[in-house]
Structures are given as structure tokens and as C-alpha cells.
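Enquirer: Spelled out, the chains give:
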Amino acid sequence: MAKMIALNLRTQFVLFVLMLGTLYIQMLVINPIEVDLFGSGSKGSYLFLPHGVKVLIGYVFGIIALPAMIIARFIGLYVTMGWPMTEAVYGTVAGVIAIYLPLAVMNFLFERPWHKPLVAFDQPIGQFRIFVILVVMTIFANAALHSSLFHYEASFHLPFRYLIGDTLGAVVVFLIALKYRAVIQRWCVAACPNNFSTSDAKKING
Amino acid sequence: MGLIKLSLKAHISVFIFLLVVFAFQFEVIKPTETLLLPLDVLDADRASYFFLPHGVKVLIGFLLGLVSLPAVFLAQVVGALLHFDMEPSIALLAAAFGTIAVYVPVLLLNYMLAQPLGGSVPAKHHQIGYFRVYLALVVMSTFLHATLHSAVFHYENSISLPFKYLVGDVVGASFVFGVALLFRHYIAKKLVEMSRG
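Listed in order, the protein sequences are those of chains Z and R.
Going by our numbering, the residue at position 164 of the first sequence is 164; the numbering climbs one at a time, nothing skipped.
Heads up: take any position in the second sequence, counting from 1, add 1000, and you land on our numbering.
Hints may be right or wrong, so weigh each one.
[As the list claims (entries may be wrong)] Subject to a maximum C-alpha distance of 25 Å in a straight line, what follows is the list of computed SDA-like cross-link-like pairs (lysine to any residue):
id: 1; chain 1: Z; residue 1: K43; chain 2: R; residue 2: F1097
id: 2; chain 1: Z; residue 1: K116; chain 2: R; residue 2: V1133
id: 3; chain 1: Z; residue 1: K43; chain 2: R; residue 2: I1159
id: 4; chain 1: Z; residue 1: K179; chain 2: Z; residue 2: L168
id: 5; chain 1: Z; residue 1: K116; chain 2: R; residue 2: L1135
id: 6; chain 1: Z; residue 1: K116; chain 2: R; residue 2: F1131
id: 7; chain 1: Z; residue 1: K116; chain 2: R; residue 2: Q1127
id: 8; chain 1: Z; residue 1: K116; chain 2: R; residue 2: G1129
id: 9; chain 1: Z; residue 1: K43; chain 2: R; residue 2: E1156
id: 10; chain 1: R; residue 1: K1009; chain 2: R; residue 2: G1118
id: 11; chain 1: Z; residue 1: K43; chain 2: R; residue 2: S1160
id: 12; chain 1: Z; residue 1: K43; chain 2: R; residue 2: L1093
[As the list claims (entries may be wrong)] Okay, the calculated beta carbon distance ranges per label pair:
id: 13; chain 1: R; residue 1: L1191; chain 2: Z; residue 2: H115; range: 29 to 39 Å
id: 14; chain 1: Z; residue 1: V79; chain 2: R; residue 2: K1005; range: 50 to 60 Å
id: 15; chain 1: Z; residue 1: P124; chain 2: R; residue 2: F1183; range: 23 to 33 Å
id: 16; chain 1: Z; residue 1: F160; chain 2: R; residue 2: L1107; range: 16 to 26 Å
id: 17; chain 1: Z; residue 1: L37; chain 2: R; residue 2: K1189; range: 54 to 64 Å
id: 18; chain 1: R; residue 1: K1190; chain 2: Z; residue 2: V79; range: 53 to 63 Å
None of these hints come from the bench; they were simulated from the model.
Quick reminder that beta carbons are idealized off the backbone N, C-alpha and C, glycines included.
Make a model of the complete structure from these sequences and hints.
Expert: Now the structure itself:
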């Protein structure tokens, strides 16, 4: 396990900052706009960027991004968003399960080790299609687990806010990632050379 | 196999089969659960730790594709009205969500496998084992089912309700898959007959 999550500290730190930074953007920019537009009645957002970032990181790095994800999520929920401790712990665990359980299922589907990233491996199916299914599966899992966490709201809309918010967030993140894919790919190859075959790495680095 | 044509008789067979499974769930499994599990574990709500109908729905969607949707939807409406003390509007909503929870994952998996969207899932991708595809379908449909039914029954939601849906659906789907495995030759023969029209 230690070997699996052995990613250099610098990369873990970059992933941590990326995830926490997105949570800050969510809290300081998107949430206030949503409160202005829809009022402040409920948890959940109609454009939740952090989920998209988490999925992309899980997809690209696999289990090795787990420490950064756990720490960023816990600090994000407890410190940045001011959730109570128990909710922050539950939210962290749920958020991580919502990424890694679908990742494990997708790896099982393709007969690969459960913890591997899904990016860059030889398969008979297009990467975009695999990414779409992973995103959808994580969205369903996240919505189910957070419906349990916020059951006390007893709201019909809450699960849909999670479904819509995570979907739109993932689409926005995906479009941004597509725009900067060359930079992201080069960084991923440099940070995690073992995730890529030699030919893929050569292709990415030009 | 791809797109399967269902005759009216086949539609009715699917409808009746699913109704029988609903009846079995509420006349046999639910009372047994009530007897075996203490009330605080059971929590006296609608969900079950061993929910067969979801597994049967997933298997039907997996094998027949979108063509089985009307029979599955109607069976759920009738099943909900007969076995739950539900208002018709809630029964319709629960049935609609129960149907969406099966067929959206079917469409998505077909999209991933580059097959006709409405067709049966185990069609042409022989590189990937059927059990693996079925498991992915079960996981997706289970999470979606738990989410949507948490919305429908939000007024009685508890921290454990979505988990009961998750556990019940997975256990039910595993059992159904095991039974289907036992009768796989019969099912395959029937499917080939249906696909020939």
C-alpha cells in the first residue's frame, strides 16, 4: 500500500493545493452567486467544481492521489466550509469513496488492478467514453452518500442538487482540462512516469 | 444480439414475472426480515436488506435493453399500488425513478461499449466478461436508485435509508445473478428466440 501511494511530496502538495483551491473558489465565488440567485435554503450546489477536479485527479493518478485528496477534503470541509467535525469526517470519507469505488469498479471491468489510474492504458474502448462512465458513476455515488449525510434536511431537491451540481462541475472541469490537456499530460508524465507506457510518454512529450 | 424485438406476449411475461417478484418480496421476504431483525435495525421504513425486484429489473434491462421499459415501469406502478399504502402520484414517481435507475445506466454502458444505446448490454463486446459488465451496471443502478428513492421518500429519510437501499439492491442483484447463472442456458435460448423476432 505504501508503495502504491508513494508519489513525491511536491506532486502531493500540488494536488492538495489544486483541490483546496477549487474548494475556495467554490466557497468564495460560486456559492455566493448561487445564494443570490436561489437563496440559501439548502446544502448542495448547482455547479460544484471540486467534484470534477477530484474525478479528474482520480482518473489520472489513481490511488496515489489518496493522501492529498483526504487531507484537502477534510481541511476544505472543516476549516474552509465550517462543517462540524463529524460531518466533515463523514463528508471526507464519502467523497473519497465516491471517487475510488467507481475507479475500482471500472478497473475491475477492464481486468486491471483496482487502484490503477484509468488514463493511458491499452483498451478497446475510447478514453472519452471511459471517462464519461467514471464521472457518471462517481456522481451517482456522491449523491447517494451525501443524501444520507444530509438526511435531516428532508428535502426532495437535495439529491438532484448533487446530481446536477456534480455533473455541471465535472463538465466545466473537463472542458478546462481539454483546453490545457497538453500541459496537464506533460505534468502527469513528469509526476507519475509509471502510469504511462514509454510510447505514450514519448508521444505526450513530443 | 443488439436490439431485441419483444412480442406482446413477451411484454406481458416480463410484466407478470416482475409482479410475482414484487409479491414475493412483500409477502415472503419483508415479513421474514421483520421476524429476524430487531426493529431498531429494520427502522420500520420501506427499504429492505434483501431487495429482489431491483436485481430482477437490472437483469431484465441488462438482457433485453430499452425495449423492456414499458413492462418494467407498469409492473412497478402496479406493484407499488398493490403492496405499499401509497398515493397513486407517489407510486408513479417511485416507479418512474425505479425505471430511470435501471435504464440510464443501461444506456450509459451501451454508450461506453459503442453499441446501440437501447440494445441489450451483453451484445458484442466479448473482450469484457458479462459478469464484469453486469457488476458495473449493478453498481451504477444501485447508487442511482438509492439517490432517487431518497428524494421520493425524503420525508422519512434517515442516515441509514440510502445504505439500506445500497445493501438491499446489491444483495438482491447478486442473488438474482446467481439464479440467472443457474438457468443461463434457458435464458440464452429464450433471448435468441426473441432476437429472431
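Enquirer: All the hints need checking, so say for each whether the structure fits it.
Expert: Verification of the supplied hints:
Between Z/K43 and R/F1097 the alpha-carbon distance is near 22 Å, which keeps this suggested pair within the 25 Å criterion. About 18 Å separates the Cα atoms of Z/K116 and R/V1133, which keeps this hinted pair within 25 Å; it holds. Between Z/K43 and R/I1159 the CA atoms are separated by roughly 15 Å; this keeps the pair inside 25 Å, and the hint holds. For the proposed pair Z/K179 and Z/L168, the alpha carbon gap of about 17 Å is at most 25 Å, so the pair holds.
Distance hint between Z/K116 and R/L1135 is fulfilled; the C-alpha atoms sit about 18 Å from each other, no more than 25 Å. A distance of roughly 20 Å separates the Cα atoms of Z/K116 and R/F1131; the hinted pair therefore holds under the 25 Å criterion. Between the alpha carbons of Z/K116 and R/Q1127 the distance comes to roughly 19 Å, so the proposed pair stays at or under 25 Å and holds. Between Z/K116 and R/G1129, the direct Cα distance comes to roughly 19 Å. Compliance with the 25 Å bound is thereby established for this hinted pair.
Of the pairs offered as hints, the one joining Z/K43 and R/E1156 holds, with about 18 Å between alpha carbons and a cut-off of 25 Å not exceeded. The straight-line distance between the Cα atoms of R/K1009 and R/G1118 is roughly 20 Å, inside the 25 Å bound, and the hint therefore holds. Distance restraint check for Z/K43 and R/S1160: the Cα-Cα separation of roughly 19 Å lies within the 25 Å cut-off, and the hinted pair is therefore satisfied. Restraint check for Z/K43 and R/L1093: the C-alpha separation of about 23 Å stays at or below 25 Å, so the hint holds.
Roughly 36 Å separates the CB atoms of R/L1191 and Z/H115, a value that falls within the hinted 29 to 39 Å. A hinted range of 50 to 60 Å for the beta carbons of Z/V79 and R/K1005 is consistent with their spacing of about 58 Å. In this structure the hint that Z/P124 and R/F1183 lie 23 to 33 Å apart at CB holds, the actual value being about 30 Å. Roughly 19 Å separates the CB atoms of Z/F160 and R/L1107, a value that falls within the hinted 16 to 26 Å.
At about 57 Å, the beta-carbon gap between Z/L37 and R/K1189 stays in the expected band of 54 to 64 Å. Range check, R/K1190 to Z/V79: Cβ separation about 58 Å, and the 53 to 63 Å hint holds.
The structure is consistent with each of the numbered hints, conforming to all of them.
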